[in-house]
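**Student:** Read off the chains here:
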Amino acid sequence: ETGVTQTPRHLVMGMTNKKSLKCEQHLGHNAMYWYKQSAKKPLELMFVYNFKEQTENNSVPSRFSPECPNSSHLFLHLHTLQPEDSALYLCASSQEKAAEKLFFGSGTQLSVL
Amino acid sequence: QKEVEQNSGPLSVPEGAIASLNCTYSDRGSQSFFWYRQYSGKSPELIMSIYSNGDKEDGRFTAQLNKASQYVSLLIRDSQPSDSATYLCAVTSSGYALNFGKGTSLLVTP
Chain G
8 ETGVTQTPRH LVMGMTNKKS LKCEQHLGHN AMYWYKQSAK KPLELMFVYN FKEQTENNSV
68 PSRFSPECPN SSHLFLHLHT LQPEDSALYL CASSQEKAAE KLFFGSGTQL SVL
Chain W
84 QKEVEQNSGP LSVPEGAIAS LNCTYSDRGS QSFFWYRQYS GKSPELIMSI YSNGDKEDGR
144 FTAQLNKASQ YVSLLIRDSQ PSDSATYLCA VTSSGYALNF GKGTSLLVTP
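Protein chains in written order, with this note's numbering: chain G, 8 to 120; chain W, 84 to 193.
Please note that the accuracy of each hint is not assured.
What the hints assert, rightly or not - Taking lysine-lysine and the BS3-like style, the derived pairs with C-alpha atoms no more than 27 Å apart in a straight line are:
no., chain 1, residue 1, chain 2, residue 2
1, W, K139, G, K108
2, W, K125, W, K185
3, W, K150, W, K85
4, G, K48, W, K125
5, G, K26, W, K150
6, G, K25, W, K125
7, G, K48, W, K85
8, G, K59, G, K47
9, G, K48, W, K150
10, G, K48, G, K25
11, G, K29, W, K125
12, G, K48, G, K108
13, G, K47, G, K108
14, G, K25, G, K59
15, W, K150, G, K25
16, G, K26, W, K139
17, G, K25, W, K139
18, G, K108, G, K59
19, W, K185, W, K150
20, W, K150, G, K59
21, W, K185, W, K85
22, G, K47, G, K26
23, W, K125, G, K26
24, G, K48, W, K185
25, G, K108, W, K185
26, W, K185, G, K47
27, G, K29, W, K185
What the hints assert, rightly or not - Label-pair restraints from in silico Cβ distances:
no., chain 1, residue 1, chain 2, residue 2, range
28, W, S177, G, E91, 39 to 47 Å
29, G, K48, W, Y134, 24 to 32 Å
30, G, T23, W, G137, 48 to 56 Å
The hints are simulated quantities; they were obtained by calculation from the structure and are not laboratory data. Glycine residues also receive a C-beta, built at the ideal position from the N, C-alpha and C atoms.
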């Protein structure tokens with residue numbers, strides 16, 4: 008496996024469900040990110056982890072809970088989501104101090120019913 | 084609010100023509116500027132970066148930066164149908180938090 012892989016590719020969940028998104032990078036990078044991409048809106052940065060430490064939480068609601076057990080893996084735990092949370096969730100990684108050169112995964116298309 | 088503005092398009096150009104994509108930003112402290120390309124149903128990929136005023140060329144792509152006018156652009160010469168995609172402008176002052184525009188949809192017609 009190469010690059011940044013995300014699972015699942017598609018997810019449909021009810022508002023009372025709990026689910027998790029998984030991201031794994033095989034690039035030897037030290038920083039990992041969660042972005043949200045909604046229709047007709049800019050990519051929104053949600054969380055940044057650098058060397059497993061969270062360095063940024065961009066005012067994200069607590070129903071989104073990130074976890075970074077090591078520099079290669081990143082999770083986004085979801086619970087009691089709202090329909091407006093339906094979006095494409097993109098994971099990305101970068102070398103430390105080259106955060107602008109992001110390598111994105113294919114994303115998880117999330118639908119909240 | 085640090086904003087990055089792009090015309091959403093679609094911008095339609097004939098094959099072989101020059102496509103010109105524009106972006107303005109609000110944060111005068113911005114230091115680094117990027118263009119990402121996103122094909123439909125795919126994730127964004129970095130195609131150009133520029134850090135100082137002037138032009139930077141890479142193959143058929145030229146990025147132009149004017150910090151005084153808070154303006155960055157991307158020129159695509161000899162446009163090909165395979166260039167049809169959404170182009171995202173991204174700007175950062177901190178190095179960690181990229182601020183993205185909504186993107187410009189480009190359609191290159193044969």
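**Student:** Now look at each hint and say whether the structure bears it out.
**Tutor:** Here's how the hints hold up against the structure:
1. W:K139 to G:K108: holds, 17 Å
2. W:K125 to W:K185: Within the cut-off at roughly 15 Å; holds.
3. W:K150 to W:K85: holds, 15 Å
4. G:K48 to W:K125: holds, 16 Å
5. G:K26 to W:K150: Between K26 of chain G and K150 of chain W the Cα gap is close to 44 Å, so the pair fails against 27 Å, i.e. violated.
6. G:K25 to W:K125: Distance ~26 Å between K25 of chain G and K125 of chain W Cα, so the pair holds.
7. G:K48 to W:K85: With a Cα-Cα distance of about 14 Å, the restraint between K48 of chain G and K85 of chain W holds, given a limit of 27 Å.
8. G:K59 to G:K47: violated, 31 Å
9. G:K48 to W:K150: Status holds; Cα separation ~25 Å.
10. G:K48 to G:K25: holds, 26 Å
11. G:K29 to W:K125: Answer holds: K29 of chain G to K125 of chain W is near 17 Å, not above 27 Å.
12. G:K48 to G:K108: holds, 21 Å
13. G:K47 to G:K108: Answer holds: K47 of chain G to K108 of chain G is near 23 Å, not above 27 Å.
14. G:K25 to G:K59: holds, 23 Å
15. W:K150 to G:K25: violated, 46 Å
16. G:K26 to W:K139: violated, 44 Å
17. G:K25 to W:K139: violated, 47 Å
18. G:K108 to G:K59: Holds. K108 of chain G to K59 of chain G sits at ~18 Å (cutoff 27 Å).
19. W:K185 to W:K150: holds, 20 Å
20. W:K150 to G:K59: Answer violated: K150 of chain W to K59 of chain G is near 34 Å, above 27 Å.
21. W:K185 to W:K85: holds, 13 Å
22. G:K47 to G:K26: holds, 25 Å
23. W:K125 to G:K26: holds, 23 Å
24. G:K48 to W:K185: Distance of about 5 Å is within 27 Å: holds.
25. G:K108 to W:K185: holds, 18 Å
26. W:K185 to G:K47: With Cα atoms ~6 Å apart, K185 of chain W and K47 of chain G stay inside 27 Å; holds.
27. G:K29 to W:K185: holds, 25 Å
28. W:S177 to G:E91: 39 to 47 Å: violated, 28 Å
29. G:K48 to W:Y134: 24 to 32 Å: holds, 27 Å
30. G:T23 to W:G137: 48 to 56 Å: holds, 55 Å
Figure legend: structure checked against the earlier numbered hints; hints not met, in rising order: 5, 8, 15, 16, 17, 20, 28.
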